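S.K.: Spelled out, the chains give:
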Amino acid sequence: MNILVCVKQVPDAKDVRLDPKTNTLAREGVESIMNPFDRHALEEAVAIKEQQGGTVTVLTMGPPQAESVLREAIACGADDGVLISDRAFAGADTWATAYTLAMAVQALGDFDLILCGKQAIDGDTAQVGPGLACRLRVPYATCVQKTRQVTAGSIEVERMMDDGYDVVRLPLPALMTVVKDINEPRVASLKGKMKAKKAEIRQLSATDIGADPRCIGLAGSPTQVVRVFSPEARGDRKVFSGSVAEQVDQLVECLRAHL
Amino acid sequence: MDYFFTEQQQMIIDTAREITNEKIIPVRAELDEKNQFPREILHDIAKADLFSIFVPEEYGGLGGGCYEIVLALEELARGCVGVATSFAASALGIFPVLYAGSEEQKERYLPDIASGARWAAFGLTEANAGSDASGIRTTAVLEGDEWVLNGTKQWITNGGESQIYTIVALTDPHKGARGASIFIVEDGDPGFSYGKKEDKMGIRSSSTRELILKDCRIPKDRLVGRRGTGFITVMKTLDGSRPGIASLGIGLAQAALDEAVTYAKQRVQFGRPIISFQAVQHILADMAIQLEAGRALVYAAARHIDQHPKDMSKASSMCKVFATDMAMKVTTDAVQVLGGYGYMKEYPVEKMMRDAKILQIYEGTNQIQRNVIGQELNKEYS
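The listed protein sequences derive, respectively, from chains A and B. Using my numbering, the first residue of the first sequence is number 127, and each one after it goes up by one. Using my numbering, the first residue of the second sequence is number 1221, and each one after it goes up by one.
Derived by calculation from the structure, the hints in this document are not laboratory data. Quantities reported herein were computed from a predicted structural model and do not represent experimental measurements. Glycine included, each C-beta is placed from N, C-alpha and C at the ideal position. Accuracy of the hints is not assured; some may be wrong.
Unchecked claim - In silico lysine-lysine, BS3-like type, Cα no more than 27 Å apart, as pairs:
#1 B:K1267 <-> B:K1254
#2 B:K1599 <-> B:K1456
#3 A:K324 <-> A:K175
#4 B:K1420 <-> B:K1395
#5 B:K1565 <-> B:K1456
#6 A:K321 <-> B:K1254
#7 B:K1326 <-> A:K317
#8 B:K1577 <-> B:K1420
#9 B:K1416 <-> B:K1577
#10 A:K175 <-> B:K1267
#11 B:K1440 <-> B:K1326
#12 A:K175 <-> A:K321
#13 A:K140 <-> B:K1485
#14 B:K1417 <-> B:K1530
#15 B:K1577 <-> B:K1549
#16 A:K317 <-> A:K175
#17 A:K324 <-> B:K1267
#18 A:K140 <-> A:K364
#19 B:K1395 <-> B:K1456
#20 B:K1549 <-> B:K1530
#21 A:K323 <-> B:K1267
#22 B:K1530 <-> A:K272
#23 A:K317 <-> B:K1416
#24 A:K306 <-> B:K1267
#25 B:K1326 <-> B:K1456
#26 B:K1485 <-> B:K1549
#27 B:K1326 <-> B:K1530
What the hints assert, rightly or not - What follows is a list of derived Cβ distance ranges for each label pair:
#28 A:D334 <-> B:E1327: 46 to 54 Å
#29 B:T1372 <-> A:K317: 34 to 42 Å
#30 A:K140 <-> B:R1259: 29 to 37 Å
Please take these sequences and the hints and turn them into a complete structure.
M.R.: What follows is the structure, encoded as structure tokens:
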């Protein structure tokens, strides 16, 4: 089984601040990490590979320094990494990103399964995974919390819903995005780290993947960001404790006081 | 302080640190409370290749030495000495094979130890043989092509959890120190079973158990090294492993210092953080001084031992005594800095203080270590 995992390098959420003047992410001095959801996608891919055989390829679009997340992925069990990097990709929204990734996937060859994290913690859109599946015209499942069964021709998964889960069977090739409940990512192994250090990372440009210049980067991005702002802090919050009856009494009393 | 680690050593430290932060610290209080063996964490450690660091490359290991083990153990002990002890006990258990085993035994056991597929344990201590290891009563008699072992081992770390045991038994009881030999006993061997599981003050996630050998029959080729060389191998094993125990003290003391300083910066009394009081600062300063001195000694001893010098025992004992006495003092002081909160299970330092005590006791009490150092000094100056 040949598996592809799409990963993104993101600023560590623990350190992220918005610059109050420009309302943009203050990235200076903020450590870059592999998007946490993508770590779970990678772990799932490696686990499936260990069970079924095959290969795991990791793909990322980003500046040259994004190569470090590919090496991290190799240390965690991926076989090789591909970086698609080009100044022309700058400013891509989710639409252009999905297009670019799809072109790269087609340039790389056939994959039976593509895994993505549910969403990236910097943009929080959760659009690129499904967008990529649509571009590739393969079925997809989002928010997968468990892989139930993998066979040569299909995969059966549980999709996390607000009230329980759906069981979905997808014919392969397919794409799925995963939530954190799906597994516990392993710590990169020593031998993996050594392999990652020496690994050759393939780098592909817009030309290499045959991308239409009108469809990539800022030019290919219809999304307009009208305003970025920090949401105002919520009003007073009160947490009631005690038995349910006591909590209800407290709530009623509190509501009455506001009438 | 910069100890100028090699790239590989730094990789080992980083990997052990990730295991500690992601896998150990979140569950250590629960493991301690439930007396629960950290099986899952040991699997994580295996996946991260940490079991392979001390195994020679030809058997699937990384070919590291005492220094590399020390660096990994220090980081793991920063998370939990119980978990780190379970990891260390596998190394201790296989050292006799590494030092004195046949080529065939190494090929049979070391690759599994390196991958973490099987764990080892060391069976020396008995009810009447603690500091006086020569007091062991377990016997091994050769009957045809099999050794028949009889006796009971006590307080065996990883007992009941490991699959490979190196057991010290008397093959020629009348020959005294030259009458002992080491055998490999495997989980499931006929006549081999597990007895009482101990309920301990500290390192509660580690398993400490009796091993019962009742007409335990094992193939002849499970004898490690030559017959009668058991105690020589035991001494070599312990010389090689004690810096590991010392490093548990370093990791533990580092954890205690981290907790104490963090708390002292946050805790406000008399209108200011307690770290601004000189009385508290001096306690913290002394903790840091002792810790760094201990770390430097352990690293120096480990590097020294990796050269296989003649005076290995003295260096090994010195670092074990200093680092573990230091850990007891530093963890006790950490509880003092946290005051009433430090005494409560809600904060991690009370566990650290309980865990510290065993370091002064196991793998040779600190009094026995001082005997070793004293005897070596006596020889050196003769």
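S.K.: Taking 34 to 42 Å as the stated bounds, is the beta-carbon spacing between B:T1372 and A:K317 within them?
M.R.: The hinted range 34 to 42 Å holds for B:T1372 and A:K317, with Cβ atoms some 40 Å apart.
S.K.: For the pair we were handed, B:K1485 and B:K1549, check the Cα-Cα distance against 27 Å.
M.R.: Measuring from Cα to Cα gives roughly 21 Å; hence the hint holds.
S.K.: Can the restraint linking B:K1577 and B:K1549 be considered satisfied, given a maximum Cα separation of 27 Å?
M.R.: Satisfied, since the Cα-Cα distance of roughly 10 Å is no more than 27 Å.
S.K.: Starting from B:K1267, check that the Cα of B:K1254 is at most 27 Å away, please.
M.R.: 25 Å, holds
S.K.: Given the hinted pair B:K1417 and B:K1530, is their Cα-Cα distance within 27 Å?
M.R.: 38 Å, violated
S.K.: Hinted pair, alpha-carbon criterion (27 Å max): B:K1530, A:K272. Please report holds or violated.
M.R.: Status violated; Cα separation ~57 Å.
S.K.: Could you see if the CB distance from A:D334 to B:E1327 stays within 46 to 54 Å?
M.R.: 48 Å, holds
S.K.: Is A:K306 close enough to B:K1267, meaning Cα to Cα at most 27 Å?
M.R.: 20 Å, holds
S.K.: Does B:K1440 pair with B:K1326 here, judged by a C-alpha cut-off of 27 Å?
M.R.: Satisfied, since the Cα-Cα distance of roughly 16 Å is no more than 27 Å.
S.K.: Within 27 Å, alpha carbon to alpha carbon, are B:K1326 and B:K1530?
M.R.: 25 Å, holds
S.K.: Holds or violated: B:K1416 with B:K1577, Cα cutoff 27 Å?
M.R.: Holds - the C-alpha atoms of B:K1577 and B:K1416 are around 22 Å apart, at most 27 Å.
S.K.: Given the hint that A:K324 pairs with B:K1267, test it: the Cα-Cα distance must not exceed 27 Å.
M.R.: 20 Å, holds
Checked against the numbered hints given earlier, this structure breaks hints 4, 5, 6, 14, 20, 22, 23; the rest are met.
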